[in-house]
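Below are the chains, spelled out letter by letter.
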Amino acid sequence: MNTPNSTALGTSAISVRGVSKRFGDTEVLHDIDLEIPHGQVTCLIGPSGSGKSTLLRCMAFLEEATTGTILVNGEPLGFAPGTGAGPRVRLPEARIREVRSQIGMCFQQFNLWPHMTALGNVSEALKTVRGMKKADAEQRALAQLQKVGLEARAGHYPSQLSGGQQQRVAIARALALDPKIMLFDEPTSSLDPELTGEVLNVMRALAADGMTMVVVSHEIGFAASVGQRIAFLDHGRILLNATPQEVFGKPRHPRLDQFLDTYLDRGAAMLV
Amino acid sequence: MSWKLFLLLVQACGYTVLISAVSISVGLVIGTGVSAAMLSAHRGLSLAGRTFVSFFRGAPLLVQLLLIYNLLPTLGLNVPSMVAAVIGLSLCTAAYQAENLRGGFASVPRGLLEAAEMVGLSPFQQFWRIRAPIALRMTLPALVNEAIMILKVSSLVSVVGVVELTRMAQDLAASTFKPLQLFAAAGLIYFVVNWLVAMGGTALEKSFRWGKP
Amino acid sequence: MSLDFNLIWSLLPEILRSAGVTLLVWCCGVVGAVVLGFLVALGRRYGPRALGYALQAYVELIRGTPFLIQLFLLYYGGPFIGLSLDPVPAGLLGLAVYGAAYFSEIFRAGFEAVPPGHVEAAECLGLNRSQTVRRILIPEMTMLVLPPAVNMAIILLKETAVLSIITVPELTFQISAIGSQRYAFIEAMFLLACFYWGLVSLCGRLGSVAESRLSKFRFAHS
Chain U
1 MNTPNSTALG TSAISVRGVS KRFGDTEVLH DIDLEIPHGQ VTCLIGPSGS GKSTLLRCMA
61 FLEEATTGTI LVNGEPLGFA PGTGAGPRVR LPEARIREVR SQIGMCFQQF NLWPHMTALG
121 NVSEALKTVR GMKKADAEQR ALAQLQKVGL EARAGHYPSQ LSGGQQQRVA IARALALDPK
181 IMLFDEPTSS LDPELTGEVL NVMRALAADG MTMVVVSHEI GFAASVGQRI AFLDHGRILL
241 NATPQEVFGK PRHPRLDQFL DTYLDRGAAM LV
Chain B
273 MSWKLFLLLV QACGYTVLIS AVSISVGLVI GTGVSAAMLS AHRGLSLAGR TFVSFFRGAP
333 LLVQLLLIYN LLPTLGLNVP SMVAAVIGLS LCTAAYQAEN LRGGFASVPR GLLEAAEMVG
393 LSPFQQFWRI RAPIALRMTL PALVNEAIMI LKVSSLVSVV GVVELTRMAQ DLAASTFKPL
453 QLFAAAGLIY FVVNWLVAMG GTALEKSFRW GKP
Chain H
486 MSLDFNLIWS LLPEILRSAG VTLLVWCCGV VGAVVLGFLV ALGRRYGPRA LGYALQAYVE
546 LIRGTPFLIQ LFLLYYGGPF IGLSLDPVPA GLLGLAVYGA AYFSEIFRAG FEAVPPGHVE
606 AAECLGLNRS QTVRRILIPE MTMLVLPPAV NMAIILLKET AVLSIITVPE LTFQISAIGS
666 QRYAFIEAMF LLACFYWGLV SLCGRLGSVA ESRLSKFRFA HS
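Chains as they are written, first to last, in this note's numbering: chain U, 1 to 272; chain B, 273 to 485; chain H, 486 to 707.
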């Protein structure tokens, strides 16, 4: 079941068209078409191995799609749009970086740099990439840490922070660069259950501010309550792409029912 | 054993430490370059790096020293024997350090580099701001071990005429006919110096803790 | 630089003899070092405390001082305490004592890597110490210690070159002599370096093959 978005094609934040991804002999994504609307939270859900993380990483160009095109705010990311015939043209690195700079990413493993403090992590790109002076960069970084509630921990190293705190710093690090789109790759999957709340709250606040977000997550409760579009993936294909009410409302797609059965205790109980 | 003899040994030890320190430092610089070559995508460069490491770890240091000591003059480089010794030691330690660094670089989690990529750091910046510092920290214990190793094998430069601790002990043993005392004393001095370096290494590792308890 | 093959052919007997000395000293040295090192590790693990301290002192002294100094002590200092050795026996003994300190550390790590539960199970079943060591510890340890042990053996091969300094007639000694006599020292040294390089690479390769062949006997670790 696919109900059309309210936004017309071409004005999406991210446009995924005909994307397939192959690792050796295994095809992980099969001819994916997906439009990510502006200002909304799109959640990618599905069983392990369904390709949702791969799809997200293709959107970030951390994985290169084998075929297809990805547009970020109308601009091609990585490869020029195919003309059908002939090999794809890879865009120059500077162009790729330019287009990608509109995207911020948050990883399952946080990926904070261990040799820098929280402040150092958040201010690093401001100094190195944007060329800001140290004082300005750190001021901006501190403000960002304030937004996620961690300004008191600015001088701490990642090893001195809990998982939830590290992930919040990671979010601050991505936000410091003013991205238009935020991607989240299973942001709470590495956290102890009691720490997921603080991260989800930050994400909720971000969504309320109108940030365009794409979230791969097992937090079905979050997806149902905060998500505005839900895409359900299975074996590399999008089976469902609609609003939470349409996706989770009964009667449900049988595969989705099967999938939800295993996640009933993860907040999906509210849907029963 | 007289104080005078002991002091002569300690003085010569100064040269041992000097030669070792310079060799390790130069070796680290060369080793970083060789390590980068080994990791590069360029096939010729990586082969050259791997061959360098294989040769300087495969041939005995003594043979390397004899070779280089005699080779340099024929290349027009008439350097004092201490310089030749340092060159020989540096090349040898560079190979071992390149191998240590390679392991260190490989063990930097890929996710950290992906995060760097996503916030816009160029490959060059990723290498110098993220990969290298973390790799260096991870190879610190191996580096300290290498320093101790160089201090010990520096004894071989006595063969190419450098008057460091071993040579001094040899000369004094020959003139005083007291090899037992002199070599034992020299051994003791080596032992103490190595112990100090090990202590220093532990302290250095502590300062790179990055908040870990 | 010219490689006169006739000349090399005529020198071949001497070269081969000295290569034989290298291999002999190396093999005997490694065997001696392994046996002695194992005994030291056993002594530290099961022996009385005083012995443990003495052995620890031995290991740390050997590992903390240059091999050359140890050789000089043995060869030049030995006679003063009644130990007058010819170069080859001195070299062999020096190599074995040096290698034993390192092997003992390898075996010590190996002992500790065997899960204590396996040892406890053996003791509960009534095996005495000797049986535990022979039937449980050694087999389980073998896979674990093989890579560092092979590494150490290769290191000892390179250390045989140092024996030339106390006039052991091994390969480095012989080739240096030939090289300087024929005014072709650099070429001789280079060929010598390549020879060791080749031998070391070969041993490394064989070691990897042995490790992978034996890895099928790897015991499941909890």
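Don't take every hint at face value.
Claimed, not checked - Residues from chain B shown here face chain H by an in silico Cβ test under 10 Å; the list is partial: (1) 282; (2) 334; (3) 340; (4) 455.
Said to hold, decoys possible - Calculated cross-link-like contacts (lysine-lysine; reagent style DSSO-like; alpha-carbon spacing at most 27 Å): (5) B:276 to U:127; (6) U:180 to U:250; (7) U:134 to B:276; (8) U:180 to U:127; (9) U:133 to U:147.
Keep in mind the hints are simulated off the structure, nothing from the lab.
Note that beta-carbon positions come from the ideal geometry of N, C-alpha and C, so glycine has one too.
Against the structure, the hints come out as follows:
1. 282: violated, 15 Å
2. 334: holds, 5 Å
3. 340: This interface hint holds because 9 Å falls under the 10 Å limit.
4. 455: Because about 4 Å separates residue 455 (chain B) from the closest Cβ in chain H, which is inside the 10 Å limit, the hint holds.
5. B:276 to U:127: violated, 58 Å
6. U:180 to U:250: violated, 34 Å
7. U:134 to B:276: Violated, at roughly 56 Å.
8. U:180 to U:127: holds, 20 Å
9. U:133 to U:147: Measuring from Cα to Cα gives roughly 21 Å; hence the hint holds.
Going through the hint list in order, the structure does not satisfy hints 1, 5, 6, 7.
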